[in-house]
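Participant: The primary structure of each chain is shown beneath.
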Amino acid sequence: MSQQARSLQDQVARTEKGEASDLLKPLIQIEGVTKSFGDFVAVNNVSLTIYQGELFSLLGGSGCGKTTLLRMLAGFETPTSGRILIDGQDMTRVPPYERPVNMMFQSYALFPHMTVEQNVAFGLKQDGLPRDQVRQRVAEMLDLVELGHLGRRKPHELSGGQRQRVALARALAKRPKVLLLDEPLGALDKKLRERTQLELVNIQENLGITFVVVTHDQEEAMTMSTRVAIMNQGRILQVDTPHAMYEYPNTRFVAEFFGSVNIFEGPLLEDEPGHVVIGCPDLSVPIYVGHGISSREGATVYAAVRPEKIALSKEPPADATYNTATGVVEDIVYLGGESTYLVRLDSGRLVRVDLQNQTRSSEPELTWHDRVHVSWEHSNVVVVTS
Amino acid sequence: MTNRSPFLISALAFGFAFLYVPILLLIVFSFNESKLVTVWGGFSFKWYGELFQDEQLLGAAKISLLIAAMSATLATLLGTMAGLIMARFGRFKGRTLFSGMITAPMVMPEVITGLAILLMFVVLEELTGWPDGRGITTITIAHTTFAMAYVTIVIQSRLSQMDDSVEEAAMDLGARPLKVFFLITLPIIAPALVSGWLLAFTLSLDDLVTTSFAAGPSSSTLPMVVFSSVRLGVTPKINALATIVVGLATLAIVMAGYIMHRQEQQRKRAMQRALAEQDAL
Amino acid sequence: MLGGGGGAPKERRHPNSAGAATRRLGVGGRGLVIAIPYFWLLLFFLAPFLIVMKISFAEFQVGVPPYTPLVEWVDDQYLQVRMSFASYFYLFGDELYVAAYFNSLKIAFVSTLFALLLGYPMAYGIARADKSIRNLLLLAVVLPFWTSFLIRVYAWIGILKNNGLLNNFLMWIGVINEPLEILNTEIAVYIGIVYAYLPFMILPLYSTLEKMDMSLLEAAMDLGCRPWKAFLKVTLPLSVPGIVAGCMLVFIPAVGEFVIPDLLGGADTLMIGKVLWAEFFNNRDWPAASAVAVAMLVFLVVPIMLFQGYQARQEAKAKEQG
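Protein chains in written order, with the numbering used here: chain Y, 7 to 392; chain U, 555 to 835; chain X, 635 to 956.
To be clear, the hints were calculated from the coordinates, so they are not data collected in a lab.
Don't take every hint at face value.
[Claimed, not checked] Below, in silico cross-link-like pairs of lysine-lysine (BS3-like), each with a Cα-Cα straight-line distance of 25 Å or less: (1) Y:K183 x Y:K160; (2) Y:K31 x Y:K183; (3) U:K616 x Y:K183; (4) U:K822 x X:K951; (5) X:K845 x X:K951; (6) U:K822 x X:K765.
[As the list claims (entries may be wrong)] If you want the footprint, here are the derived chain U segments under chain Y, 3+ residues with CB under 8 Å: (7) 597–603; (8) 646–652.
None of the values given here were measured: they were computed from a predicted structure.
Here a beta-carbon is modelled for each residue, glycine too, at the ideal position from N, C-alpha and C.
Here chain Y stands alone, though its shape is the one from the complex:
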C-alpha cells in the first residue's frame, strides 16, 4: 500500500469520527437503500458513505447483493426505497446515461463491431466532444493502459488481459467522478490478475478517481482497497480498512470470510471494561481476552483467533491459566513460505495453526503425532457476539 493511500485511510477515519479539521467531503452517500425483486430482497436497508479518492471494495459471496448495489450506483436498477447521492446530488432516479459515473463490466462488454479506438471514443462522442479532442483523449487513454499500438484492432483480436485494459480505458475516458468495477479481475488467470491488481491501483492513485470495486475475492479486496464493506444476505456487516477488518472483525461471519480463523464458542464468565473471560468447553482452561465488550454475563460469545497468532510448542507455556490447550499434530500442510498444522485437541476439537518456515530443513521441529501445546497472547483474541 502506498503512503498516499495510508494517509487517505487516516483522513477517512478522522472524518468518520468527526474530529478532523480537514473533514473529507462524502462523494457517494447511500442512505437506507433497499432493493427487492418480487419477494426477494437483494439489498436490505444499506447505508454507506464513500469519500473522494478511495478505492472502495464491496466484498461478499454469491447473491449477497453487492452487484445489485453497484448496479444501483450505475443506474441500471432503481432502489425500492432509500436515496443515493453522488457529489451531493440526488441520483436515485437519474438514468445511467446522465450519471457522472462509469462502469467496467465483468464481461468487459466491449462493442464487438467497433475497433479499440472506437470503443474508447464512444462515451466521448455521446458527450458531443469535438473530433480532435476525442482523438487526443483516446490516444491518451490508450497510452495509459499501454495499448497505443492496438487501436485499430477489434475486440475479438485481443487477449483477455488486453480486453480488460480496453474496458478500463473506455470507462475512464469520460473522467467520471466514480468508476464502478464489477469483478474487474475475475476473468483473468492468476498470474495476470496479480500484475493487473497493481496496475489498477497505480492508475487509480495517479488519476485520483474514486473506484468502487465489487469482488468475491477477499485477497483482492485486501491488497487493493482503502476500505472494504463486507456484505451478506443484502446487508452490510462491516465497513473498515482491510487491516481493521482482519484484526477486529465485528461478527463471526466477517472473521471467517476475511481470512481463516479458529472460533471458540462459550459463555461469557467475566465482563470487565478492560478484559473478558470466556469459558470454553473445547479448551481445558478459560479464554482471557484483552478487550471489553458490551454483553451480559452468561451470554454465548465467540472468541476468534487467527491461525498465525497461535504458538505451538512441545513445552507447556509459562502461564497456563488461560488461552492454552494440549493436543496432537494430526496433519501438516506445507505451503512454501509457511506450513499449516492441524492440531487435534484433547477435547476432540481441531485447531489450525500457521507457522513460518524459517529454515530450509526438510525435517520440521514438530511432526505427526507429536504431543503439543497450543497457546496465544490475550491481545490476539477478538470476541464477537454474533
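Could you slot chains U and X onto chain Y? The hints should help.
Facilitator: Using the frame of chain Y, we list chains U and X on its own:
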C-alpha cells in the same frame, strides 16, 4: 469423442440418400430429351428453353419475387420488433397472448390460417372498403404474418445469446436507449436480420396454401401455377424449374457458408495472434 | 457472463429486472414498439380466427358474401342474433368428415413416428460426428428446406408412379414382376410427409443431443453401464425435450396437410386439409369450411398448447443459463 457405430453411419447414409435422391433425380431428368419423365432419351437443354418461353410461368415468377421481397422486408421489420419485445421487454400486460400469437403461426395448419385471413379480408372489405379485392397486397399481408413468426424466433434467439451488458455499457457511457439500439444492438444482430429476411423471402416464395386463399384471380404466384400444372402430371419443364430453384438455393447457401467459414478462420487467426502476443509479454 | 464467483447473474436475471435498456425507453417508445407488432398480429392472426368461428355459425347462401349474417337489425328495432349449428350437425352427421378427421390424425401420427425413427439416429449421428463435418451435415439437413416444398413433393410423383423410377428399378433388379401401386395411396402420403418434415424432426433433436454433456455417457459407462443401456438410461431421457418438440413440429402441420395428400394421395385418401380445401374452393361453402377449421383446431389445441408450453420452458431455461 466420436461414435463411429455402423448403425449410426448407415442411418445417416440412408437418411441423406432419402433426402437427396429425389432431388438429384429431378435434376437429372430435367436434362432429358424425352418427354417421358421416366425414360432417358438423351441429354438436352430443351426444357430450359421452353421454360424461358412460358409467359405465364415467368409472369408468375415476377409476381412471386415481388411479393417475397415486400413481405420479407415487412416481416423483418415486425419480427425484429417482436423479437426485441420477447427478449428484452420483460413482463408486460398481454405478454402471454403475444408469445402465443408468435409461435402459433409456425405450427398452425396452413389451410386454417389461409382460410382465416381470407375471411378477415372479406369482412374488412365489407366494413371499410379496404382491401379492394384480393391480390398482391393481400398475399403480402398474409405472408408477412406467418413469416414474421420465424423472423421473431431468429432475432429473439440472437438477442438472448447477446451479452446484454454490452447495451448497458453503451448506456453507461451516455447513449440514450434509442441510440443504444441503433449504434450497438442493431449492428451486432445484423447477421440475424439478414438470415431472418432470407428465411422470410424463401417462405413467401414457396408458399402455396395460404397464397391460394389470399390471392385474387389476377395474381397467380409461381407455386400456384406450378401446382396446377403438376396436378395434371409430371412435366419436364417443371423439372427444369426445380433444377434452377435448387441450384440457386444451393449456390446461396454454399456462398453464405463459405463467407462464414472464412470469417471464422480470420477470427481464429486473430485470436491466435493476440494470444501469442500476450505470451510474449 | 464470464465465469467468476459473483452471484450477480442470479440477481440480474430476475424476471422483473429484464433489460434496463428497454425499461428506460420511456413509456411512449416502449409502448409503440409493443403496439405495432401486437396490433398486426391481433388484426391478421387472432381476429381472423374469431371470424372463422363466427362464420362457422352462419348459414350457407348463394351470394356475396356466401353466408348469412349472424347479427342483424330487424325493422331497425330489434337486434336479431341467428346462430346456426347447421354446419356442425352436417359435419358430425356425415361419416365422411368424421372419417377424414380420424384418418388425418392416424396419418399424422404414423408419419411422425416414422420421422422420429429415421430422424433420431440421424440427429444422434450428426451430434456425435467430428466437429469439422458436423456443420456440413447440418447444412445438408437444412438445405432441402431452402428449396421449394412443392417441388420436393412433386419429385416423388415421378418416383412412385406405376411406371415411375422406383417400380422400373425394382422390376429391373427382379424383385417384382408387376409395378407396385404406391402413388395415390396412403403409403405415398406417409413417404411424402416424412420426407417433407424430416428436417423439422432432426433440428430440435440435434440441438438437445448436441448440448448434452458427453461425459454423462462416459460416467454411466464408467459406472458399469453397457453402451446400449447407457443410451436408454441417460441419452434418451435427456433428449425428451427434443423428441417432444420434433414430434410436435411434424405432427401438427401434418394433420392439416393439403399439398401432400392432394398430389401423392388417391381420391380415397381422406385428409381434413383436403376436405376443407374442397369445401372452400369447389363447393364455395364458407360456413362449412369454417366449421371444418374450427373442429380441426379443437383437435389440435392440446398438441399446440403442449408445444407452446415447451417453447416457454425452453425460453425460461435459456434465460436462466444466460
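Participant: Which numbered hints does this structure break?
Facilitator: 1, 3, 4, 7, 8
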